[in-house]
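Number of protein chains: 4
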Amino acid sequence: MPSSRYYTLTAACPDRVGLVARVSGFLAEHGGWILETNLHADPDNDRYFMRIEIKADSLPFHLAEFRSRFAPLAEELQMSWKISDSAVKKRVVILVSKQEHCLYDLLARWQSKELDIEIPCIISNHDALRGFVEWHGIPFHHVPVTPDNKQQAYAEVARLYDEVRGDCMVLARYMQILSPELCAAYPGQILNIHHSFLPSFVGAKPYHQAYQRGVKLIGATCHYVTAELDQGPIIDQDVIRVDHSDSVDDMVRYGKDIEKTVLARGLRYHLEDRVLLNGNRTVVFR
Amino acid sequence: MPSSRYYTLTAACPDRVGLVARVSGFLAEHGGWILETNLHADPDNDRYFMRIEIKADSLPFHLAEFRSRFAPLAEELQMSWKISDSAVKKRVVILVSKQEHCLYDLLARWQSKELDIEIPCIISNHDALRGFVEWHGIPFHHVPVTPDNKQQAYAEVARLYDEVRGDCMVLARYMQILSPELCAAYPGQILNIHHSFLPSFVGAKPYHQAYQRGVKLIGATCHYVTAELDQGPIIDQDVIRVDHSDSVDDMVRYGKDIEKTVLARGLRYHLEDRVLLNGNRTVVFR
Amino acid sequence: MPSSRYYTLTAACPDRVGLVARVSGFLAEHGGWILETNLHADPDNDRYFMRIEIKADSLPFHLAEFRSRFAPLAEELQMSWKISDSAVKKRVVILVSKQEHCLYDLLARWQSKELDIEIPCIISNHDALRGFVEWHGIPFHHVPVTPDNKQQAYAEVARLYDEVRGDCMVLARYMQILSPELCAAYPGQILNIHHSFLPSFVGAKPYHQAYQRGVKLIGATCHYVTAELDQGPIIDQDVIRVDHSDSVDDMVRYGKDIEKTVLARGLRYHLEDRVLLNGNRTVVFR
Amino acid sequence: MPSSRYYTLTAACPDRVGLVARVSGFLAEHGGWILETNLHADPDNDRYFMRIEIKADSLPFHLAEFRSRFAPLAEELQMSWKISDSAVKKRVVILVSKQEHCLYDLLARWQSKELDIEIPCIISNHDALRGFVEWHGIPFHHVPVTPDNKQQAYAEVARLYDEVRGDCMVLARYMQILSPELCAAYPGQILNIHHSFLPSFVGAKPYHQAYQRGVKLIGATCHYVTAELDQGPIIDQDVIRVDHSDSVDDMVRYGKDIEKTVLARGLRYHLEDRVLLNGNRTVVFR
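These protein sequence lines are chains A, B, C and D, in that order.
When we follow the UniProt record's numbering, the leftmost residue of the first sequence carries the number 1, and every step to the right adds one.
When we follow the UniProt record's numbering, the leftmost residue of the second sequence carries the number 1, and every step to the right adds one.
When we follow the UniProt record's numbering, the leftmost residue of the third sequence carries the number 1, and every step to the right adds one.
When we follow the UniProt record's numbering, the leftmost residue of the fourth sequence carries the number 1, and every step to the right adds one.
The following block holds chain A by itself, in its conformation from the complex (with noise of 0.2 Å):
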């Protein structure tokens, strides 16, 4: 179905007048039909970010050459860019360790096709789900973790991800804290979910550190990953309502449901490009 492709454009910049007409000025041109945009202004940084959605068969070029006509432009606007092709599956590799409640719920939207992307292989440090893996058709790598070997585990990682030419990792509850120089070597590709309602409960034991707290609501953080534990940028957060007959077991039961469904909304919204930096903060497009 042709005719459904279409490009993504991002931008972000700083904001002035005209800005957004001379953008849609060079889109309109050459005929681009605009599907969605979206658009920001942060007044706090006189920053501008844009997403805009094109259908590709209206334009008279492909993507070599709106890049080569947009970039002076976009130099003149002082923009960081990038535009993607929907045709063009994302490649994600997903990093899990013996809990499979958020891998059964990936592997679902990707088996019914809600989530379009290839995964190209999936990393363990436990060897528990790899039947399960296997019988998707993916490759499985078990990657174990020691207090000892983690420089040569995360370098295996890493060279298992550039193999693949990974666009995009996903900690599926993996349970590690990865390198420092592993998340310098990704930035804005790595998305965690974290089992707590950041900033509350950073760390180890989120649900036994808000049991001993007594809060009556608890949450997953789906995050950008960056070499200060649970500090990157927060793409989504839900929180779920429990109460004083709660133990720490059912928050750990009641938490998988939204870990798995926040991972999977910061996952799609970054797949999709809705999700731009602003500093240590997103703008996301929903």
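Keep in mind that the hints were calculated from the coordinates and are not lab data.
Hints may contain errors.
Copies of the same chain look alike in the list, so a pair counts if it fits in one copy or across any two.
Each computed SDA-like pair below joins lysine to any residue, with the alpha-carbon atoms no more than 25 Å apart [stated by the list, open to error]:
{"#": "1", "residue 1": "K89", "residue 2": "L160"}
{"#": "2", "residue 1": "K90", "residue 2": "R286"}
{"#": "3", "residue 1": "K205", "residue 2": "C13"}
{"#": "4", "residue 1": "K55", "residue 2": "D42"}
{"#": "5", "residue 1": "K113", "residue 2": "G131"}
{"#": "6", "residue 1": "K90", "residue 2": "S247"}
Quick caveat: nothing in here was measured; it's all calculated off a predicted structure.
Since the structure of chain A is provided, determine the placement of chains B, C and D on it from the hints.
For chains B, C and D alone, kept in the frame of chain A given last:
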């Protein structure tokens, strides 16, 4: 603070290539600084919707001249459009019955300038809330409604509304069904809060209906009033959880909390020109 | 871990003075350690509902003897009651069509023992999910349903369910309307997930209905199946926010997330004997 | 309407076999008709919590005699307990600053008898809300608080509270930190609404903190005030969604809506004796 004054342009028109470029080009040509832009294309009917906030003092002319200069372009693009000025407060007439929760809520927002409106008068079919209204320095009109006098009563409501040049009429749990004539006279100007999650439980005693059906969430709906009861375009909705231990009275009590919040939210969207009609549905540029 | 084994007593009876004293007195007399108690009096019909979890090894006898000893008291109090044993896993038969999201979700919960049940077989009117089901070691039965064979098809479903001595039948987006005979044969045993916030949008294509009406929240409802379509007692519901930018396809996608969560939650309540029928409404002792 | 009068017995004690039987047996012996029962066992500390509503006219004696008759049993069971009478209105003293949203909300609930309490006086560190309070016929006390006079100011607050024999003190966005002496003098009697989802964003300007961190939900927390700032037992919490387009001012505005709702809900739970302390956590028998 003149620098924070802004104009809000809203428009709906057939979708076409170059639409955004034409409108933003017009603004850029006159130095218009865009504060906020919301755009929506409805692929079902090929209609395009836009809302643009422009810094007032970035333009070299006032609204009257804006209107005359913009008109030819708007006509060419077959737009229905309007532009409003943040410095001109909207005049909101509130209709109440005996229940006070929505009225207290709206007046608190008005007192704190969260709702930056004028309330030229409040009309009620009962005299119960006169003292509270008049303490706030707002004229109060008691217009009784009986089975026999509906026509005269609503004529009087219309007269009062016209007399103060109302921009918007809010039924803040008014509990009376307006006449078809009144509804027809002010399309898109009358907002109601219905105490159910429409389309469930249309008409009288929705909490009783909800209780009988045994639903696990109850809701409230802010919508434009049309001649057909509870069928007007929906602006906003929300729900709250109930369970078997909640009586009808409990539901009524919980419901009030969402009624007032949803009404205030819907009213704010309306007053800020964030709501555009799209057939019997709404585009709400939050 | 025998010490964590417990019995769950559920009962409904006419309300009267001394009811709790009689039942808790019976338990105390035999040393019964109560883990959890939920009680509800319905003032509308003077019915009383209770659910009590008792530590199995605190009682000096097993279930058979409990039943015979408790029966006279239950009869005196005009109770309908039952008691179940946490050590006896419930046997849940799942019916699916071609959509996999609820099935993946339920099997993930079963794999992780979050749902501590047996799944003796899965039945589908399509063959699409056979591989996935069989990989989990669960028998899969393809029972096609056509306009002409409904009676035989549902007879076959009933035969399979009886053969494995099913305790509960779950329609995990089965997309077929069961025959009245099947509904009548297993009252309070068949759970469905309807993809709308009932009573809104009964029947086919609820997301299309929701889109047409322009609602701002969409929902899902887990309910017991009765002969009257989508009218059975509601166990749980939830909603998610949508707006004008969401197409029907978007709604379908969002809806899946609440469908699977609400179905899993309702099923858990049912399996833990937390749901008691009160006419066409439910008492859900969360 | 004497028949709707009821007593509310709340108790906490060590868990043991036969506890419910003993207490419900005592009630049954005197013909006590139980309207509502909530029970909770905390397996972590083997404490048992109960709340029982008893129809007043079903008992052959009044509260004084109930207390003396029940005392021996309570002592035997090592209970901390109390019983209250629905016919005796609780006396609630409200402390406010200049922001009116919580005050309007509470007074609307009091006017409509949703909150069936006495408000013997309202205390503020500003004089701004005097007129509004006095219009409602409630005494208003202006007690300024400066860096230098805190000790005298809080002594005056305590004196006023004692003078009217207050049962409960509500900080309705009071914006001042009470002295440790005041907190210590009225444990479990002072309710605060904090404008964040605790434990996130303790202390000043939580919405600014939330904005800086880029969270996607903001919240409010109703808790008991203790000497340690924002660390007291949590009664209720709620959140609302925000996104990148929301400024700090927008968050403040959205936040008000949940602040007032959460405060009102927490206060109602407290006034209906639904909140029992369990260390620094709460049991809330909703």
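The hints, checked one at a time:
Taking the shortest alpha-carbon separations for K89 and L160, only the intra-copy value of 18 Å comes in at or below 25 Å, while the best inter-copy value is 42 Å. For the identical chains of this complex, K90 and R286 are intra-copy neighbours only, at 19 Å inside a copy versus 30 Å across copies, given an alpha-carbon limit of 25 Å. Within a single copy, K205 and C13 get their C-alpha atoms no closer than 40 Å, and across copies no closer than 30 Å, so neither meets the 25 Å cut-off. For a Cα distance limit of 25 Å, the shortest separation of K55 from D42 across copies, 15 Å, qualifies, whereas the shortest one inside one copy, 28 Å, does not.
Taking the shortest alpha-carbon separations for K113 and G131, both the intra-copy value of 21 Å and the inter-copy value of 18 Å come in at or below 25 Å. Taking identical chains as interchangeable, the C-alpha atoms of K90 and S247 lie at most 25 Å apart only when they sit on different chains, with a minimum of 23 Å there against 40 Å within one chain.
Comparing the model with each numbered hint stated earlier shows that hint 3 is the single one that does not hold.
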